Amino acid sequence: MNGTMEENVESAPAPMDPGSVLIASNKSIVVPGELIAKGVDFLPGSGTYKEAGEVRSKVLGLVRIKSDRLISVVPLSGQYMPFAGDGVIAVIADVQISSWMADVNAPYVAFLSLSEGVEEYVDLQKSDLTHYYDVGDVIYAKVLSVSKRKDVKLTMRDRMCRKLHGGNTMKITPTKVPRLIGKGGSMIELIKQKTGCHIIVGQNGLVWIKGEKQDLAAEAVLLVERESHVEGLTDRMTAFLDSIQQVI
Amino acid sequence: MSEEHKKIIVGDRRPDGRALDEMRPITAKAGVISRANGSAHFAMGSTVAIAAAYGPRELHPKHLQDPVRAYLKYVYAMAPFSTQDRVKPGPSRRSTEISEVSRQAFNSVIFLEEFPKAGIEVFVEILQANASTRCAGINAASIALADAGVPMTDLVSSCAAGKVDGKIILDVAGEEDTEGEVDMPIAYIPRKDEIALLQMDGLLTLDEFKEALELAKKGCMQIHEKQVAALKERYVRVASEIAKKGPVRESAEEVA
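These protein sequence lines are chains A and U, in that order.
Positions in the first sequence are counted from 1; adding 2 to them yields the numbering used here.
Positions in the second sequence are counted from 1; adding 26 to them yields the numbering used here.
Calculated directly from the structure, the hints in this document are not laboratory data.
None of the values given here were measured: they were computed from a predicted structure.
Be aware that a few hints might be false.
Once the Cα atoms are required to be at most 30 Å apart in a straight line, the calculated DSSO-like pairs of lysine-lysine come out as [stated by the list, open to error]:
1. Lys55(U) / Lys258(U)
2. Lys212(A) / Lys52(A)
3. Lys194(A) / Lys215(A)
4. Lys68(A) / Lys258(U)
5. Lys252(U) / Lys40(A)
6. Lys52(A) / Lys99(U)
7. Lys236(U) / Lys271(U)
8. Lys29(A) / Lys32(U)
9. Lys193(U) / Lys40(A)
10. Lys194(A) / Lys271(U)
11. Lys52(A) / Lys243(U)
12. Lys218(U) / Lys68(A)
13. Lys114(U) / Lys99(U)
14. Lys155(A) / Lys128(A)
15. Lys99(U) / Lys88(U)
16. Lys32(U) / Lys40(A)
17. Lys29(A) / Lys88(U)
18. Lys236(U) / Lys173(A)
19. Lys236(U) / Lys32(U)
20. Lys196(A) / Lys185(A)
21. Lys218(U) / Lys258(U)
22. Lys144(A) / Lys88(U)
23. Lys40(A) / Lys99(U)
24. Lys55(U) / Lys218(U)
25. Lys144(A) / Lys40(A)
26. Lys270(U) / Lys173(A)
27. Lys236(U) / Lys155(A)
28. Lys150(A) / Lys128(A)
29. Lys52(A) / Lys193(U)
Simulated restraints, written as ranges between beta carbons of each label pair [what the hints assert, rightly or not]:
30. Thr53(U) / Ser48(A): 29 to 39 Å
31. Glu221(A) / Glu259(U): 46 to 56 Å
32. Arg61(U) / Gly41(A): 36 to 46 Å
33. Pro17(A) / Leu232(U): 25 to 35 Å
34. Gly41(A) / Thr204(U): 31 to 41 Å
35. Gly55(A) / Glu139(U): 45 to 55 Å
36. Asp244(A) / Lys270(U): 12 to 22 Å
37. Asp203(U) / Ala86(A): 28 to 38 Å
38. Lys150(A) / Arg61(U): 30 to 40 Å
39. Leu46(U) / Val93(A): 56 to 66 Å
40. Glu139(U) / Glu191(A): 52 to 62 Å
Every residue, glycine too, gets a C-beta built ideally from N, C-alpha and C.
All chains, full assembly: derive it from the sequences and hints.
Structure, rendered in structure tokens:
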């Protein structure tokens, strides 16, 4: 190397160990067990594991390398696992004496207590909880906590959290939610703007759409689901929405 | 038996024209059942299996729930029309055994601790049987589980080796299975060089056993390649279809 001086600059990454080799490239598709990198300089991020000094993929997904060291794999499929702080769309599954059970599209049912669900004072002797949320109601809620035993608690005490009246809900792969939202919400804004629909995206992969052109919005969401792993998604989305608009 | 036994293998050619260490043609495809979380179709010659994987999802009956890891459910079944004699639908002694040994093979590769209390379910249906059905089932299940996004240390590949007319052969099929001396299916984890399943009927000397095991491992490596290709194919196809249409606009902007 000719740039010995440059290596001392603070921002430059520390030199790699000669035994460290990157085998799979960024954004390539890997399958479980596939070797991504070898050596002490690589760290296993989400979707990967390290064994015998080798970073391998756990899932079918796309490789993502951060600051040349941290290797993770973004899954192309899979179930949603609840995480504290996530905004999710939930469907009320059961009404109990002083709480609700909700389906959050995860392997575990979520629990919404009366105090977290309703702001006002509720006299349990006199009131019927179905007045607030009934079975089948769709709500936007926050995940309050997830215990080690995977007891999931929800809360409605957050802005945006509310019952969703009317509209339709659809499911996408939860790992594709960040692509549907886009950088700073750009992708979802684009769809909202061109279709004029209200759209709420839950971190759990449920998408709620309400508006006159909800079929069009749903098709746009499915386009993300189908093509999110191929570059140039925003351009294709713009072209798609424009082409449909002309037909209408 | 050996007195009247006519030779199946003539020279180094087997009844279907294969060489001793040659597998039947393999086809594998991921994503064939739209309502499953993951699915696959796998065929080795005329043995055809489909698999559907669900979960991790809520597990019922509740007494199966384990507070520290997920429970893997594996159901192997033969379709009534899969062989010459009709197979009675529903579990049998044979299918229960195969389900259990296959389940144990997968238990060693799935990160079950990530989903406490949940259940991961795999349903394998043999559509057409011509020996090595448990192997085809495991191969299909492996693709289906990966397609469903279940975290695993590796894909499991499976195939059989055997002994017919005193010769060690790969991928027993047809009359080799019914008339042969030994059938030995294995399930193999290529990365760790581990055996996840090994069954055998018949007798082998230690040297023959070693030879058969090595041969079966080689076969599993070939299957592994097909499994990887099948998983990637679906996504690569979408990418190539888009590429065929050409860029929408120059300097494609990426959204992270």
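Query raised in the report: Quick check: which numbered hints come out false for this structure?
Result: 2, 7, 8, 9, 16, 17, 18, 23, 25, 27, 28, 29, 31, 33, 34, 35, 37, 40
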